[in-house]
Amino acid sequence: MALAVQRLRYLGRRALQAVPIILAIVVCNFVLLNLAPGDAASVLAGEAGSATPEYMAELRQRFGLDQPFHVQLFHYLRNMLAFDLGYSFRHSRPVLDLVLDRLGPTLLLMGTAAVVAIVVGVLLGVLAALNLNGWRDTLISIFALVSYATPLFWIGLMMIVVFSIQLDLLPTSGMESVAAFYEGWERVVDIARHLVLPATTLSLFYLALYTRLMRASMLEQAGMDYVVTARAKGLTERRIVVRHILRNALLPIVTMAGVQVAGMLGGSVIVESVFGWPGLGLLAFESLFARDLNLLLGIFFLSSCLVVAVNLLVDLLYALLDPRIEVR
Amino acid sequence: MKRLVRAAAGALILAMAALPAAAQKKGGTLVMVVLPEPPTLASYLSTSGPVGQVAAKVYEGLLEYGPDQKPKPGLAKSWEAAADGRSITFKLQDGVTWHDGKPFTSADVKFTLMEVLKKLHPRGGTTFQALAEVETPDASTVVMKLDKPAPYILSALSGYESPMVPKHLFEGSDIRSNPNANKPVGTGPFKFVSWERGQYVRLDRNPTYWRKGQPYLDRIVARFIADPGTRTAAMEKGEVHYGAFGAVPYVDIPRIRTLPHIDVSTDGYGMISSLMQLEINTAKPPFDKVKVRQAVSYALDRKFMIDNIWFGFGKPSTGPISSNFQAAGLYEGKVRDYTVKDAVEIANKLLDEAGYPRGADGMRFKIVHDMLPYGDEWRRLGEYIKQALGNVGIDVTLRYEDVPTWLKRIFTDYDYNITSTFYYNLADPVMGVHRQYHSSMIRKGTVFVNGSRYSNPAVDKLLDEATVETDPAKRAQQYSQFQKILAEDVPLIFMTEMQFATVFNKKVKGAFDDALGVYSSFAGVWME
Chain A
1 MALAVQRLRY
11 LGRRALQAVP
21 IILAIVVCNF
31 VLLNLAPGDA
41 ASVLAGEAGS
51 ATPEYMAELR
61 QRFGLDQPFH
71 VQLFHYLRNM
81 LAFDLGYSFR
91 HSRPVLDLVL
101 DRLGPTLLLM
111 GTAAVVAIVV
121 GVLLGVLAAL
131 NLNGWRDTLI
141 SIFALVSYAT
151 PLFWIGLMMI
161 VVFSIQLDLL
171 PTSGMESVAA
181 FYEGWERVVD
191 IARHLVLPAT
201 TLSLFYLALY
211 TRLMRASMLE
221 QAGMDYVVTA
231 RAKGLTERRI
241 VVRHILRNAL
251 LPIVTMAGVQ
261 VAGMLGGSVI
271 VESVFGWPGL
281 GLLAFESLFA
291 RDLNLLLGIF
301 FLSSCLVVAV
311 NLLVDLLYAL
321 LDPRIEVR
Chain B
1 MKRLVRAAAG
11 ALILAMAALP
21 AAAQKKGGTL
31 VMVVLPEPPT
41 LASYLSTSGP
51 VGQVAAKVYE
61 GLLEYGPDQK
71 PKPGLAKSWE
81 AAADGRSITF
91 KLQDGVTWHD
101 GKPFTSADVK
111 FTLMEVLKKL
121 HPRGGTTFQA
131 LAEVETPDAS
141 TVVMKLDKPA
151 PYILSALSGY
161 ESPMVPKHLF
171 EGSDIRSNPN
181 ANKPVGTGPF
191 KFVSWERGQY
201 VRLDRNPTYW
211 RKGQPYLDRI
221 VARFIADPGT
231 RTAAMEKGEV
241 HYGAFGAVPY
251 VDIPRIRTLP
261 HIDVSTDGYG
271 MISSLMQLEI
281 NTAKPPFDKV
291 KVRQAVSYAL
301 DRKFMIDNIW
311 FGFGKPSTGP
321 ISSNFQAAGL
331 YEGKVRDYTV
341 KDAVEIANKL
351 LDEAGYPRGA
361 DGMRFKIVHD
371 MLPYGDEWRR
381 LGEYIKQALG
391 NVGIDVTLRY
401 EDVPTWLKRI
411 FTDYDYNITS
421 TFYYNLADPV
431 MGVHRQYHSS
441 MIRKGTVFVN
451 GSRYSNPAVD
461 KLLDEATVET
471 DPAKRAQQYS
481 QFQKILAEDV
491 PLIFMTEMQF
501 ATVFNKKVKG
511 AFDDALGVYS
521 SFAGVWME
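Protein chains in written order, with our numbering: chain A, 1 to 328; chain B, 1 to 528.
Careful: at least some of the hints might be erroneous.
To be verified - Away from chain A, derived, C-beta distances all over 12 Å, residues of chain B:
id, residue
1, Q69
2, K119
3, R176
4, V221
5, Y356
6, D402
7, V447
8, G524
To be verified - Which bits of chain A does chain B cover? Going by a derived footprint, with three or more residues having C-beta under 8 Å, they are:
id, segment
9, 103-116
10, 239-250
To be verified - Derived CB-CB ranges, DEER-like:
id, chain 1, residue 1, chain 2, residue 2, range
11, B, M363, A, A36, 49 to 57 Å
12, B, D204, A, R9, 26 to 34 Å
13, A, Q6, B, Y374, 54 to 62 Å
14, B, T258, A, L321, 41 to 49 Å
15, B, P254, A, E220, 52 to 60 Å
16, A, Q67, B, S177, 54 to 62 Å
17, A, A36, B, G359, 32 to 40 Å
18, A, R62, B, Q129, 44 to 52 Å
These are computed hints drawn from the structure, not numbers from a lab.
Just so you know, these numbers come straight off a predicted model, no measurement behind them.
All residues carry an ideal CB built from backbone N, CA and C; glycine is no exception.
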């Protein structure tokens, strides 16, 4: 009971600490993004192909770009504190709607990729460590090296060429079949089929990292005194690996995954653009080039919230894996 | 005899045109790939390509245009210009309704023209500059009252250029922030259903479309795929059926066009007439000297660019007006020819005469070339320009920035020497050409206008006269004079008439019967 209260109090304190951090991030982003030359009005007019000066002036006035910089910042922060992320004039929609639209597909893709990468990476790492310098170890190490070194976009395109065009097994791109518009379970299956290639492509890179990290971590733990003790106690090799070595070897993976999953949630521009996946990364990329600052700031705000949340989760997970680590 | 042959040929063509009508099939979903994803579907506020490609299926204009660019009935079944050119009377189609069931009337037309297009459309201010008033004697008659003759208006009434919007949904609201921007209600053959951001826009057949029997398709889905390689793959696999404006990159076209189910066409771009040009800062040395600009024009091999960078798509251009205007009599081909055999020698001679002799290292002066930030072709072009101008002793440094930075550099700061760019001539020079050369279009901060800051009173006068001239012969004479002057002055280096490629699945039929191509309504498109 006392432990639960302590954890809750810890959570509350960390959440409070996050507020000034996120605010600082927002201000930094706002200042940095405003340093970029050109503005949303000129991009919109540029896309239109032509515009009169009155039209340009009107656009700037409507976007609030005619205001001095500190007034713009003040307005933005004031809206922010009221949980209003603002309006994207480019899309004629509130920023929150646009971001939430993309959040589901992003979490689906990134979540799947992260789970696959961590589970398979850990498994391969354990296998390699148990078969040190054997053929399995060599094979796994080569696989990890190749996956890590190959550019993502190339893997993606090759996946499309092989599995989609040559073998005709999976769709090339998108999140669902647009000619069919499936409903119910058929739709779930359809989305799952569309998910295979992008999730595999994205997980390959991270998978390689976790494999190598897990292998090294397993080998390090295997040489520890407590393993010798366990062996002297007469425990089976299987029990030693699963209960003792593995559990301790997981800690660095959790640290690494915490950092990366938080980053992944911001989206992956490359995988999203190759597979036409409607994620946050591509939206951020497009809004940067369109100087749609309200939208971009909204995405950054959401990403920074996610990073803070995932970090907190990782800290709690430490305590679960290793009871010696306390949360206070 | 000659007339008889022509009549027979005409009858034959008509018969041939009528043939496929029998084969038109109902049903099916057409998936078109549009790039990039449009920010909104407000084609009454933006002329941006992707906006129009989708919105033109929903909104219609008063007129449509055949492949010969001659106007055909659209929402207006007939039209007549007064003899003095001061008014145009339109009779509207009967029984047209908006997608929400309300009738379409002359009040909608008046509202759209006066309150939306003339005031808010980026080109509307120019197109409808002479439009003083719209009269609506009854629900199906519209009379445009003009201050001065404006012959070009009849070329600008398509569903893409001047879409008709419903008065009852826009009146009394802020038109710019009206929610219809993201869920359009029009009169067109397809109704807006949904827009999944980052994925697709879905348009379904309008069952109460005023053209009986049309549209043939059940549905059009516009998909957005950011990666060019994936677009090609999706086209190859048959997941998408139609993509215009480089949806499939030029580099993939020679391969994909050999596939049995794929075809490539350069039709449907006739009312756009895109010209690739090098925009030059004529107010800054060394390009303030005409001879230097002419030298650059001589030094570049247009044929080489077309063959090697654009994979054979395009043809050399001679001046500010595309040869697509030959039929209208507005194109002048007899101007200074920069593609002569000894062009490089002439270029060297001109540069010597301009007072820029070669230095010890063989170079005359240094410039920076800003490459248009629209993709790979423009980088390849930049590399070619560096090499070709290096041959005549101009030392070129290349620079590639993102779009907003580039726009600001060229049209606000004027901080450049020479940049690659392209401009649409559009349906009439008044709309697409004047903005680049008239001195009144030197407008700091406004994009895609006279960024060269070229100012020539003789040119201004010719353009002003051609704007109001109703006699085609006199107008042709004015534009001919204009093109001759420009070919001498070269405030922009005229490079090529660009050809865009539409890649499509052979199942798609009837997509090229309209001058506007991808910007047409697709009412007559069907799938085999």
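Going through the hints against the structure:
1. Against the 12 Å criterion, Q69(B) stays outside the reach of chain A, whose nearest CB is about 19 Å from its own CB.
2. For K119(B), the condition that its CB be more than 12 Å from all CB atoms of chain A is violated, with the nearest at approximately 10 Å.
3. Not every Cβ of chain A is farther than 12 Å from the Cβ of R176(B); the closest lies at roughly 7 Å, contradicting the non-interface assignment.
4. For V221(B), the requirement that its beta carbon stay farther than 12 Å from each beta carbon of chain A is not met, with the minimum near 4 Å.
5. Distance check for Y356(B) against chain A: the nearest CB is about 31 Å away, which clears 12 Å, and the non-interface claim stands.
6. Separation of D402(B) from chain A is inadequate, the least Cβ-Cβ distance of about 6 Å not exceeding the 12 Å criterion.
7. With a least beta-carbon separation of about 5 Å from chain A, V447(B) fails to lie farther than 12 Å from that chain, contradicting its non-interface assignment.
8. For G524(B), the shortest C-beta to C-beta distance to chain A comes to about 20 Å, beyond the 12 Å cut-off, and the non-interface label holds.
9. With a threshold of 8 Å between beta carbons, the proposed coverage of the segment 103-116 of chain A by chain B is violated, since 1 of its residues qualify and at least three are required.
10. For the segment 239-250 of chain A, the proposed coverage by chain B is not satisfied: 0 residues have a C-beta within less than 8 Å of a C-beta in that chain, short of the threshold of three.
11. Range check, M363(B) to A36(A): Cβ separation about 34 Å, and the 49 to 57 Å hint is violated.
12. Under the hint 26 to 34 Å, the C-beta atoms of D204(B) and R9(A), about 56 Å apart, miss the expected range.
13. The beta-carbon spacing between Q6(A) and Y374(B), approximately 58 Å, falls within the hinted interval of 54 to 62 Å.
14. For T258(B) and L321(A), the Cβ-Cβ distance of about 58 Å falls outside the hinted range of 41 to 49 Å, so the restraint is violated.
15. Between P254(B) and E220(A), the C-beta spacing of about 55 Å keeps the proposed range 52 to 60 Å intact.
16. Taking the beta carbon of each, Q67(A) and S177(B) are about 18 Å apart, not inside 54 to 62 Å as hinted.
17. As the Cβ distance of A36(A) to G359(B) is approximately 38 Å, the hint placing it in 32 to 40 Å holds.
18. The supplied range of 44 to 52 Å is broken by R62(A) and Q129(B), whose beta-carbon atoms lie about 23 Å from each other.
Taken one by one, the earlier hints fail for this structure at numbers 2, 3, 4, 6, 7, 9, 10, 11, 12, 14, 16 and 18, listed in ascending order.
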